[in-house]
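Given the coordinates of chain A, assemble chain B onto it according to the supplied hints.
Taken in order, these protein sequences are the chains called A and B.
Just add 1117 to wherever you are in the first sequence, counting from 1, and you've got my numbering.
Just add 1117 to wherever you are in the second sequence, counting from 1, and you've got my numbering.
It should be emphasised that the hints constitute simulated quantities derived from the structure, not laboratory data.
Do not take every clue at face value.
Distance condition first, Cα-Cα at most 25 Å in a straight line; then the derived SDA-like pairs of lysine to any residue [as the list claims (entries may be wrong)]: (1) A:K1461 <-> A:S1403; (2) B:K1398 <-> B:E1565; (3) B:K1146 <-> B:L1160; (4) B:K1746 <-> A:E1320; (5) A:K1736 <-> B:K1146; (6) B:K1465 <-> A:R1651; (7) B:K1505 <-> A:K1465; (8) A:K1558 <-> A:P1324; (9) A:K1505 <-> B:A1696; (10) A:K1752 <-> B:K1746; (11) A:K1461 <-> B:V1629; (12) B:K1505 <-> A:L1695; (13) A:K1170 <-> A:I1684; (14) B:K1465 <-> A:V1629; (15) B:K1461 <-> B:S1403; (16) A:K1465 <-> B:S1403; (17) B:K1465 <-> A:R1640; (18) B:K1170 <-> B:K1505; (19) B:K1752 <-> A:G1747; (20) A:K1465 <-> B:I1680; (21) B:K1146 <-> B:K1505.
Take a look at the letters that make up each chain.
Number of protein chains: 2
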Amino acid sequence: MTDIWVYVALGISALSYVVAAYFYQWVKKLPTANSKLDEVGSLIRQGAFTFLKREYRILSIFTLCVAAIMFVLFPSPIWSDNVNLLSNLSMVGAYIFGTVLSALAGYVGISIATIANLKAASAARESIQKSFMAGFRGGAVMGMAVVGTSLAGMAIIYLLSRDSNVTMAFSFGASSLALFAKAGGGIFTKTADIAADLTGKVELGIPEDDPRNPAVIADNVGDNVGDVAGMGADLFDSNVAAMAATMIIAMALGEISFMFCLTSLGLLASIIGVLLARMGKNGNPSRALNGGTYITCGIFAVLTFIASLVGAYDLRMWGAAMVGMVAGVIIGLTSDFFTGDDKKPVAKVAEACQSGPAFTILTGFSYGLLSALPALVGIGLAALISYKLCAPLGEGYAMLGISFSAIGMLSIVGMIISNDAYGPIVDNARGIAEMAGLGDKVLEITDELDAAGNTAKAITKGFSIGAAGLTVIALLGAFQEVVAAAGTRIVFDLMDPLVFFGMLVGSAIPAVFSAMLMTGVSRNSQLLVSEIHRQFSTIPGLREGHATPDYARCIDIATVGSIRELIPAGLTAILATLAVGFIGGVQAVGGYLTGNIVSGLLLALVMSNAGGLWDNAKKFIEAGNYGGKGSDAHKAAVIGDTVGDPFKDTAGPSINTQITVVSLVASLSAVLFLTYSLF
Amino acid sequence: MTDIWVYVALGISALSYVVAAYFYQWVKKLPTANSKLDEVGSLIRQGAFTFLKREYRILSIFTLCVAAIMFVLFPSPIWSDNVNLLSNLSMVGAYIFGTVLSALAGYVGISIATIANLKAASAARESIQKSFMAGFRGGAVMGMAVVGTSLAGMAIIYLLSRDSNVTMAFSFGASSLALFAKAGGGIFTKTADIAADLTGKVELGIPEDDPRNPAVIADNVGDNVGDVAGMGADLFDSNVAAMAATMIIAMALGEISFMFCLTSLGLLASIIGVLLARMGKNGNPSRALNGGTYITCGIFAVLTFIASLVGAYDLRMWGAAMVGMVAGVIIGLTSDFFTGDDKKPVAKVAEACQSGPAFTILTGFSYGLLSALPALVGIGLAALISYKLCAPLGEGYAMLGISFSAIGMLSIVGMIISNDAYGPIVDNARGIAEMAGLGDKVLEITDELDAAGNTAKAITKGFSIGAAGLTVIALLGAFQEVVAAAGTRIVFDLMDPLVFFGMLVGSAIPAVFSAMLMTGVSRNSQLLVSEIHRQFSTIPGLREGHATPDYARCIDIATVGSIRELIPAGLTAILATLAVGFIGGVQAVGGYLTGNIVSGLLLALVMSNAGGLWDNAKKFIEAGNYGGKGSDAHKAAVIGDTVGDPFKDTAGPSINTQITVVSLVASLSAVLFLTYSLF
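Chain A with its partners taken away, still in its complex shape (with noise of 0.2 Å):
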């Protein structure tokens, strides 16, 4: 009976499945413009694919090793007496099942999203309601599956084995992928980005995207890799993650079946969302993917509120999910106050690019500082609150709480993805139209469109790190939870040394993680950039559009390097964890944990709200204020768009999952940890 609420979880899974087919048939039969869109097409879609697969093979010679590792020493190492193979075994099934269902959120982003760039494109030739409608379903199959798959996978994991090592195994195997998907992705799409800019639109003068640069097919790759795929593989782990602390926690306290009732609720509120959203005749897409978002919180408030009377479940835990859910909320439209382009700072940024690159960069980073201070406070809120609202309830209920707001925040997360991904798809679609020469009134409407996904983002972005803040107070409330079962009853203490000394290390990794990760975009796009510019002195009428560059050499160049940078950061990350761990012990991972946290969430939001700032003070800028387009005031917002791009792209985001690895990793090692440690 209580299990009831899981095989609801398979079934709406399956319903978001179908409309997930439905709505890729439905972007498939649009019709394309002509031939040159197709091929176009076919070289963006040639490209991401092939760095995927490229890709995909190191990492699973990567998740091979880890499985290697994994069955040796979890639960139990082989060595110790207590050991039952079968559950080493299930283990590492579990992290292997992990990685492929988040490899496959990848692969399943990049299918839909290569088909619906061309699409939308081609429907802008009739009406930005169509373009828009190719875009967002384009975006809705890959929210529909990611969500699908991570609930049916979590569903699957509970119904065989019921235990909580191997649901963080199965856990850690979608974040380990999730991160390196995320920061290979991001170096990628970054490499290709700023390398094209610079030397299209500062040095040469073209326009962005213009087919004469031999880095545009691979700046259109990046966004799918990075944007799409790593985006897809992002949320996945987020939700898997929010899912796996809730389960640790809950599977103690008997309340395994709330959890599946809020997330299958969730899911079918997105996917009512999703066939409801619909951009109106006069209407404009920003508000068309921010009115999705709201009815469906709307429809998950009622649903879950309804699933609760009827199952009986206290309407505290109820409470919890909807004060995660509101936060999410908030936590956007503050995002959304820090970075759109109708707003003060975006203004502010936009008036010091007069003075010039240094003015910029200050006033953008000012304003990113300040941007964390509403998020934090928002998270701490959150967690407060919940955590309060469900103490009442017995022991071991106020961290359930956290953990259900962390569920409540992700609730509407096929919507969330769904409009995330729609951005890069109709960013795209402006690249494909304007290499195919569709006209100035096509890239007019995906202009449009675009700007409008740059503001859906805020949002998004908003939800996506407040629910990782909450995910990560859950998961050391987790990682708590595997210490007691150890035997180990922990306390957490700010005064003890090994805490401290755990905490200010933790703090430094998601630094020195993020520093990783755009050196590697520094060191690409520089390398890229020479490349760019042989090409342009040894190919004969290249700058007068009379050949074609070599597309495919640039696409090897930012493939090759962002293969090269992401184990390094990943692995860094981890064998931090370990060597605390290792000198100080559970007390000092639970500090390091805590550090991590702080300062991951305190960079994630300065760098994604300064990135974002900056970006959007550039099109402010180019919109025809302060001089426009080619003026002083443009060639500074460009700079300051060039350092925020890594920022918002590559580290910002990442960080996120960087701090759920590295939780995981605490967590499958607490009993390592408690067994050999220096201090």
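Below, chain B without anything else, positioned relative to chain A:
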């Protein structure tokens, strides 16, 4: 008998005054080159004192307001039954005493620095050794006076009150004044520096310190009010705070006398160190500065070891102090690695400058992020080892160990201030030499002395951030002690949502604080740039050097601007502490302080080191690498340096003080939070 070291402290403080007076006379008696020099010097001196006067006027009003509030509230609100008005009055007295001494530290600094700069410039005509001695002994006047004053102040407070509340009030006075002095001076100096560079070097192509530039005097005034007076107040504050935290913890254990032993012998070691410091015939100034630091460390180690044996102090406590000292040196060396102009990071950033300003920023910021790791690990390890070292001595001793390691790290603060103040003095000497036309040979010498100042600064900055880190950990212990004294033993459990809430909010505060300061710099320097443009367009003959610019107007703009900005940033940090305390009580405040420490240290390290790195990368290019002055790489480097200026001289170093102030506010208000809080 246990008070003997307190009297020794008073004696050695007196000795330090004698040395300061001797150096003062020595520097003053050096000849000045010509009347033009005196004229420029007096403009700078006047400007500095005008700023100081206006700043102190505002701050005295602020101080009186705070004093009134303190009288009403501390240690017990005057409406409570057990109030003792004499206690409240003592606290107010100690608070005012702290502010006055802290202000005095700044005043003494400016008095000597604005003489020593002239003398160092003049002496450079004779030899580099003589010029070095003028700069160094000028700095040493300040070093001796600041440390002597803080030690004597602490000894007096202890002898008069023997009360931890009064000690805290004294420390709060020192810190709150330091916070505003540091912020105000930091905004002033960077406002003038950036505006002078942007208009002079970048727009007009005239050299640094060219007398035609209207902001040139303001720039030199800034070196004094920001780098000398602000720094003096800052290290006065760190030193007092470390002693206060130690006293609060040590008082309960009866170990006060060892604290005075360490601080007295530290000052004695510094006195010997500065008396011995000398530049060899063919020696280089960097070696002279760093050599002095190492010698002082050695003397301190030997003296305190003997004193421990003679006084029968447990060697574990001595060990804790040594751990702090060694950690300080190591942290200093790592920060030297990240900012030194002969090391890899500077070369890499300079190389990135060739690819434009965006890469300059990205590469420098990435190295800044990386640089946080070794320092944070160092602070964490120092805390951990000193804690474990002293834990066997009994309950409460472990935390005392951490505070002794902070004292150990600050033991040689007299030497550190001397080195630190040397920097702006010789920097000023260079400016004065340029303005008074003392010729190329003098400029060459002052350039070399200036470069040595930058290198020494990296090491001393490592020391001061490290010491602040340990001090605030000790202050956290002091906070817990204060709460315990009020009858509530608390454990700051990381899993307590109040602690977590406080931590998230606390981590945002240094970000907000830095953002406010940097925005202040941006805003004011834009104003100042407009004024400079106005002067060039309305004063005929200015560009050709036939007319004198209106220096005073520029000084006035920088003064008014920075005074307007200094109060809000500091007040925000203080009010946020009170808000968190009244919402979440002492648990939330414990988390808040921790979050503040973690993110504050991280941001301070990243900003200070990235700023130093950009500065030195610019100098590296100016030395003829990658195209040298005027090349595109140089232009990019100037942009990096401009971004780095408020990072390293306004926001970065003010964060230390912000953390200290917030910790003291928390301890002072602990009882209020226990009585009146929402949760």
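Going through the hints against the structure:
no.: 1; hint: A:K1461 <-> A:S1403; verdict: holds (19 Å)
no.: 2; hint: B:K1398 <-> B:E1565; verdict: holds (15 Å)
no.: 3; hint: B:K1146 <-> B:L1160; verdict: holds (20 Å)
no.: 4; hint: B:K1746 <-> A:E1320; verdict: holds (22 Å)
no.: 5; hint: A:K1736 <-> B:K1146; verdict: violated (61 Å)
no.: 6; hint: B:K1465 <-> A:R1651; verdict: holds (23 Å)
no.: 7; hint: B:K1505 <-> A:K1465; verdict: violated (51 Å)
no.: 8; hint: A:K1558 <-> A:P1324; verdict: holds (16 Å)
no.: 9; hint: A:K1505 <-> B:A1696; verdict: holds (19 Å)
no.: 10; hint: A:K1752 <-> B:K1746; verdict: holds (22 Å)
no.: 11; hint: A:K1461 <-> B:V1629; verdict: holds (17 Å)
no.: 12; hint: B:K1505 <-> A:L1695; verdict: holds (22 Å)
no.: 13; hint: A:K1170 <-> A:I1684; verdict: holds (16 Å)
no.: 14; hint: B:K1465 <-> A:V1629; verdict: holds (17 Å)
no.: 15; hint: B:K1461 <-> B:S1403; verdict: holds (19 Å)
no.: 16; hint: A:K1465 <-> B:S1403; verdict: violated (43 Å)
no.: 17; hint: B:K1465 <-> A:R1640; verdict: holds (11 Å)
no.: 18; hint: B:K1170 <-> B:K1505; verdict: violated (48 Å)
no.: 19; hint: B:K1752 <-> A:G1747; verdict: holds (19 Å)
no.: 20; hint: A:K1465 <-> B:I1680; verdict: holds (22 Å)
no.: 21; hint: B:K1146 <-> B:K1505; verdict: violated (52 Å)
Consistency note: the structure conflicts with the earlier hints numbered 5, 7, 16, 18, 21.
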